[in-house]
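Undergrad: Residue numbers (this note's numbering), protein chains in the order written: chain X, 23 to 463; chain H, 23 to 463.
I should point out that these hints are in silico values taken from the structure, not numbers from a laboratory. If you're wondering where the values come from, they're calculated on a predicted model, not measured in any experiment. One or more hints might be untrue.
Remember, identical chains collapse to one label, so a pair may be satisfied in a single copy or spanning two.
[Said to hold, decoys possible] Here are the computed lysine to any residue pairs in the SDA-like style, where the Cα-Cα straight-line distance is at most 20 Å: (1) 269 - 291; (2) 204 - 150; (3) 56 - 396; (4) 301 - 434; (5) 445 - 433; (6) 445 - 317; (7) 316 - 390; (8) 291 - 45; (9) 241 - 89; (10) 204 - 315; (11) 316 - 407; (12) 56 - 445; (13) 239 - 375; (14) 291 - 37; (15) 204 - 73; (16) 239 - 131; (17) 269 - 205; (18) 269 - 294; (19) 316 - 448; (20) 241 - 441; (21) 445 - 315.
Listed below, chain by chain, are the residues.
There are 2 protein chains.
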Amino acid sequence: MQTVEQWGVFELAASGAEFRHEHRIIHIDGFEDKVRFMPDTVGEWTYATSTGESGVLHVTPPSPTNHGPVRVSNTFHFTYADGTPYIPIGTTCYAWTHQGDALETQTLATLRDAPFNKMRMCIFPKSYVYNENEPEFYPFLGTLFNPAFFEHLEQRIQQLGALGIEADLILFHPYDRWGYSKMPREADERYLRYVIARFAAYRNVWWSLANEFDLMKSKEMSDWDRFFRIVEESDPYNHLRSIHHSKTMYDQSRPWVTHVSMQDDNFAKTAALRDAFRKPIVYDECKYEGNIPKRWGNISARELVRRFWLGVTSGAYVGHGETYLDPHDVLWWSKGGVLHGESPARIAFLRRILEQAPPGGLNPTGEYYPCAGQPGRYYLYYFDYHQPSDYEFDLPPAASYQADLIDPWNMTITPIAGSYRDKFRLNLPGQPYLAVRFRVG
Amino acid sequence: MQTVEQWGVFELAASGAEFRHEHRIIHIDGFEDKVRFMPDTVGEWTYATSTGESGVLHVTPPSPTNHGPVRVSNTFHFTYADGTPYIPIGTTCYAWTHQGDALETQTLATLRDAPFNKMRMCIFPKSYVYNENEPEFYPFLGTLFNPAFFEHLEQRIQQLGALGIEADLILFHPYDRWGYSKMPREADERYLRYVIARFAAYRNVWWSLANEFDLMKSKEMSDWDRFFRIVEESDPYNHLRSIHHSKTMYDQSRPWVTHVSMQDDNFAKTAALRDAFRKPIVYDECKYEGNIPKRWGNISARELVRRFWLGVTSGAYVGHGETYLDPHDVLWWSKGGVLHGESPARIAFLRRILEQAPPGGLNPTGEYYPCAGQPGRYYLYYFDYHQPSDYEFDLPPAASYQADLIDPWNMTITPIAGSYRDKFRLNLPGQPYLAVRFRVG
């Protein structure tokens, strides 16, 4: 009897197959004469291959750490398919899978102890400053796909999955000296269909159509629409889809865009973005902690931590990256390796705070200071460079709240004595970069 | 023989007079049967009063500390009339002249040791949070002007002048419980003409048409145009004129606006403002150092110092204000008194740096990081929250430059060994909030 757990990967030797469960029929394209399928429902499934073979697949309940793929939930937030909240705390190592086993293994070890549960990573090799080395594997052998390249990549995707990390796979990017950014139309499409047939059955996969799509001068805007439609129609599981820009924003209102991936650090825009697109807003790139000469790669750890708090209290999510100079050009943002910065510990601290909040996500509450929460239930204020020595809060009178003073940099949570409701004044330390949390007591 | 120094004040008992020097005739309106005149040219003047009396006035060269009124110079900057550079480093004590002699004397003593050379101050008393006290003097006695009010105010203007401080007089404001913000049209005009006849002869006077003009609901936009025209036509000396807004910006391109007074802290706008208006940009209000609950009154000293540097390196000027809670509600921003904050010493440090720069003002140089300077001569970079460990500068190759590392908060200037030209790389400390200065060696 063939069995697989719900949201696990079932493999079959075939060039294509149809999987059936009760009234549903799901067509799965193969790759390299193999079919990979991720069933989303427990119970008995049947299948029929394109050459007429058939069989039965028993889908068992998922193992405890398997929550399924991540979905949009509550308009502006995410959950796993089983309803477990997913709070994206991403990082970026664009080319980490092109660095050879030693460094890639080190990256995975670093991730084991890091706070990140999403990884932005390119499929194609990358050619850019601090990343001039040739990759170990190339994706194509003449007109064929290189199995070694894709086997290697799918191993890394699986390893991320085992660490609870979503692989936000960047399908195209402009940092290229080999020609992957300038392939003909047919090659682009074959590539997309192949990648999806091969990787879509991994539950931790997201599709990022491109990094800085608008810097790929050989593509038109209509190409991106077409790519999105190909991804949408080829992916039986409807994994999350986004696109990342440099200067020109893609029309994020298109129905195939599941969430808005931003390169920006003006979190005052969040409200307008939420109103305009009614989708989760993820500031995947808000500049990186580091010390390289580039403006986008040398903000201080304190500034990046500040941005995480501004983003979260604006009702959005924020991503991390790190670019400290290294004698061997091993910068986390491109190659992975180890983390040197001071922000990850503070991001872990923030992640724990968000995980302790009621499920369903935090939305901006229209307060005088940046604040996200759940009306009548939970409020997280961030005072940024403001340092009031006291402040009159105005919470709904129906409930009574416990208050905590939070120091995001020193990572302390100090309960404030008493219980609070309605309008009340709290004395505050008169220091900048502090937060206050209210929870129903 | 009647004498007065150039840009000094000559007084005459008359309801009006004409002053002549060679081909020029200047008509001066009187107030309270007095005429005040500020001659701008050395030599022999004659005058004739409205009642037919006449006389000769010998205008002598100015005393060493008298540089005349401040003018716009070099499109985006200021000089005194004698050509001495004037670099505005303003502060705000809106109602300091309505606090009684003890506090007002203390304010003057504070200003003697402070770095500020411009004071934003209201003519009318102010009614607002932390400023609920009645003024010592009221401007009107029935339908007459109250001489005690205006004598007192002009004493304060003179005292500021003796300290080298320009009095940026705010003619109207909305923080009012007595009715000064809702006077009839004729009363407004009489008031304007009176104030100008009385104060315009003081060389250190600027006219700020209003603070937050758009919050004065009893005035239309056309009223502000009219007020500007009255000020322009009534002031024989063409003192600087501006207007300050809350949300709605006055059309700063109008010819009678001499410089753009901003309430804003987005210094990325400076380039657009300079391009649009071709006038000096003065961020008179970019929020205040302090600890009150209001967002506009509790930024940290470090943040205000940062804003001064961002403003200056964007090609603009920035103003200070301070709002620390006080048991007697003596907040500098409204009442004056003493300064408690940590920013003034750093603002003094910046002022000295700007005074050491070549005259003519600093303009943005289109660099990758915020930088203002004079091409081929002087460059002042500010790295804000960026912390590059090195950076390749690209200066014009013709000259050779001496470099200094500047720490705006710790107020240190550390010469960097060597001399530099063209493209060169400098190692930097990898810490945020530092500046680098290049001067032709």
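Undergrad: Hint by hint, note whether the structure agrees.
TA: Right, here's what the structure says about each hint:
Both within a single protomer and between protomers do residue 269 and residue 291 lie at most 20 Å apart by alpha-carbon distance, with minima of 15 Å and 18 Å respectively. Only within a single protomer do residue 204 and residue 150 lie at most 20 Å apart by alpha-carbon distance; the minimum there is 16 Å, versus 64 Å between protomers. In this assembly of identical chains, residue 56 and residue 396 lie within 20 Å of each other by CA distance neither inside one copy nor across copies; the values are 47 Å within and 67 Å between. When the C-alpha separation of residue 301 and residue 434 is checked against a cutoff of 20 Å, the pair qualifies neither within a copy, at 32 Å, nor between copies, at 48 Å.
In this homomeric assembly, residue 445 and residue 433 never come within 20 Å of each other (Cα to Cα): the closest approach is 28 Å inside a single copy and 43 Å across copies. With identical chains, the CA atoms of residue 445 and residue 317 are at most 20 Å apart between copies only, with a shortest distance of 18 Å across copies and 43 Å within one. Taking CA atoms no more than 20 Å apart as the test, residue 316 paired with residue 390 passes between copies only; the shortest distance there is 9 Å, against 34 Å inside one copy. In this assembly of identical chains, residue 291 and residue 45 lie within 20 Å of each other by CA distance neither inside one copy nor across copies; the values are 44 Å within and 59 Å between.
In the homo-oligomer, the alpha carbons of residue 241 and residue 89 never lie at most 20 Å apart, since the shortest distance is 37 Å inside one protomer and 62 Å across protomers. For the identical chains of this complex, residue 204 and residue 315 are neighbours neither inside a copy (29 Å) nor across copies (55 Å), given an alpha-carbon limit of 20 Å. In this assembly of identical chains, the alpha carbons of residue 316 and residue 407 lie at most 20 Å apart only when taken from different copies (12 Å versus 25 Å within one copy). Proximity of residue 56 and residue 445 under a CA criterion of 20 Å is satisfied in neither setting, with 64 Å inside one chain copy and 56 Å between copies.
Neither within a single protomer nor between protomers do residue 239 and residue 375 lie at most 20 Å apart by alpha-carbon distance, with minima of 42 Å and 45 Å respectively. For the homomeric pair residue 291 and residue 37, neither the shortest alpha-carbon distance inside one copy (47 Å) nor that between copies (58 Å) is at most 20 Å. Proximity of residue 204 and residue 73 under a CA criterion of 20 Å is satisfied in neither setting, with 36 Å inside one chain copy and 88 Å between copies. Neither within a single protomer nor between protomers do residue 239 and residue 131 lie at most 20 Å apart by alpha-carbon distance, with minima of 37 Å and 64 Å respectively.
Proximity of residue 269 and residue 205 under a CA criterion of 20 Å is satisfied in neither setting, with 23 Å inside one chain copy and 50 Å between copies. Taking the shortest Cα distances, residue 269 and residue 294 sit within 20 Å of each other both inside one copy (18 Å) and across copies (18 Å). In this assembly of identical chains, the alpha carbons of residue 316 and residue 448 lie at most 20 Å apart only when taken from different copies (14 Å versus 42 Å within one copy). Taking identical chains as interchangeable, the C-alpha atoms of residue 241 and residue 441 are never at most 20 Å apart, the minima being 58 Å within one chain and 46 Å between chains.
Proximity of residue 445 to residue 315 under the C-alpha cut-off of 20 Å is restricted to the inter-copy arrangement: shortest distance 14 Å between copies versus 48 Å within a copy.
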